[in-house]
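> So the chains spell out like this:
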Amino acid sequence: MHDDELTQSELEALSSLPREARPSDLLEERTVQALRERGWIHHRGALPIPLAWSAVAAACLVFFAAGFAIGQKQGHVKPREAGIATQPTTMTGGDQPPARDSMDVTLARPDVERPSGVQHVVWF
Amino acid sequence: MKNEPLSQASDRELASDLDRGGDERSFRALYRRHTPRLYQLALRLLGGDVRDAEDAVQETWIRAVEGLQRFRWEAAFGTWLGGIAVNVCRDALRRRRRGREDPWEDTVEVAQSAPPAGERIDLERAIAALPEGYRMILVLHDIESLPHDAIAAHLGISAGTSKSQLHRARRAVRTLLSPPDERQRA
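Residue numbers (the working numbering), protein chains in the order written: chain A, 539 to 662; chain Y, 18 to 203.
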C-alpha cells in the first residue's frame with residue numbers, strides 16, 4: 539500500500555471520531571450578549587431599532603398634538619367671556635398711530651374698578 | 018416566517034428573520050443547530066484547548082451574523098459557517114505562534130508536541146499532539162473531507178503544500194500511535 543493512502547482501519551478510526559461536541563451553556567449567553575452589544579440582535583419581545591424609533595416618533599407626535607389642542611382651547615377664551623372690554627384702536631388723526639396716553643387705559647388705571655375675573659393687565 | 022416552531026424552520030428562514038429584525042429566538046435556534054459541529058471542529062483545529070475553542074465559536078457567530086447579508090445561499094449554511102470557523106481558528110493559531118517558526122515549513126518536528134515516551138495514545142490525542150500546520154490539514158482533509166484546493170484557499174497555501182503536509186501529518190500520526198518502542202526508533 540502507498541504510504542500516502544489510509545488503511546481501512548485508519549479510515550474507520552477517522553470516521554468514528556465524533557463530529558459534534560457540546561460547549562458550556564455559558565457560551566450561548568456570552569455569544570448572544572456580544573451580538574446584542576453590537577446591535578445585531580435584540581431582546582426577546584423587544585422591538586427592533588427602526589420600529590422602536592417609529593414608536594418614539596409617533597408618541598412625540600401625539601404628545602405635541604395633544605398639547606397644541608389644549609393650548610388652543612385655553613388660549614381661545616373670548617375677552618368678553620373674561621369680562622375684558624375691547625380696546626379701541628381708532629387713530630387720533632390721519633395715519634399716525636395714537637399716542638399711548640390717548641388710548642383707553644381704563645383697565646390699567648388703579649382708580650377705575652376692574653371687571654371681575656381680571657386680576658392683572660399689563661401694557662407694553 | 019409563519020407560526021411554525023423555530024426548530025422546524027429552515028436555516029434560511031431563521032437567517033432571514035435574524036437579518037431583517039435581529040430576532041434573538043431565530044439566532045438561538047441557529048446557534049443550537051450548528052454550534053456542536055462548529056465547536057468540535059474548533060476544538061480539533063486548536064489542539065483541544067476548550068477556552069480557545071469557545072472563543073473561536075463566539076467569534077465565528079459574530080462574523081457570520083455580521084456577514085449574513087453577503088451570504089448568497091449557494092452553499093449550505095453549515096458549510097459557510099464551517100469556512101468562517103476555519104478562518105477564525107487559523108487567525109487564533111497565527112496569534113498563538115507569533116514569534117515561532119512558520120508551521121508550513123518542513124522543519125517542524127512532531128517530537129515537539131509528542132506525548133512522553135512510554136505512553137500510548139488514542140487517535141484524538143495523536144491529532145491534538147500534531148504541530149498546528151499538520152493538524153489543520155489532517156483535520157480538514159481526513160475528518161472534514163475538504164479537497165486540497167479548498168484547504169489551500171482557506172489556509173493561504175498552495176494545493177501542493179497541502180498535499181505534502183497531509184503526507185507528513187499522516188506519517189506523524191502513525192508514529193504517535195505506534196507502540197512507544199517503535200516510536201522511539203522512528
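Honestly, the hints are just simulated from the structure, not real lab data. Nothing here was measured: the structure is a model prediction, and the numbers come from that model. Built from N, CA and C at the ideal position, the CB exists for glycine as well. Some clues are possibly wrong.
[Unchecked claim] The calculated DMTMM-like cross-link candidates involving lysine to aspartate or glutamate, where the alpha carbons are at most 25 Å apart (straight line), are: (1) K180/Y x E543/A; (2) K180/Y x E550/A; (3) K180/Y x E141/Y; (4) K180/Y x E567/A; (5) K180/Y x E161/Y; (6) K180/Y x D108/Y; (7) K180/Y x D563/A; (8) K180/Y x D166/Y.
[Stated by the list, open to error] Only some residues are given here: those of chain Y computed to face chain A with a beta carbon under 10 Å: (9) L35; (10) L55; (11) G64; (12) W78; (13) I79; (14) V82; (15) L140; (16) E161; (17) D166; (18) I174; (19) K180; (20) R188.
> Can you name, in rising order, the numbers of the hints this structure does not satisfy?
4, 7, 11, 17, 18
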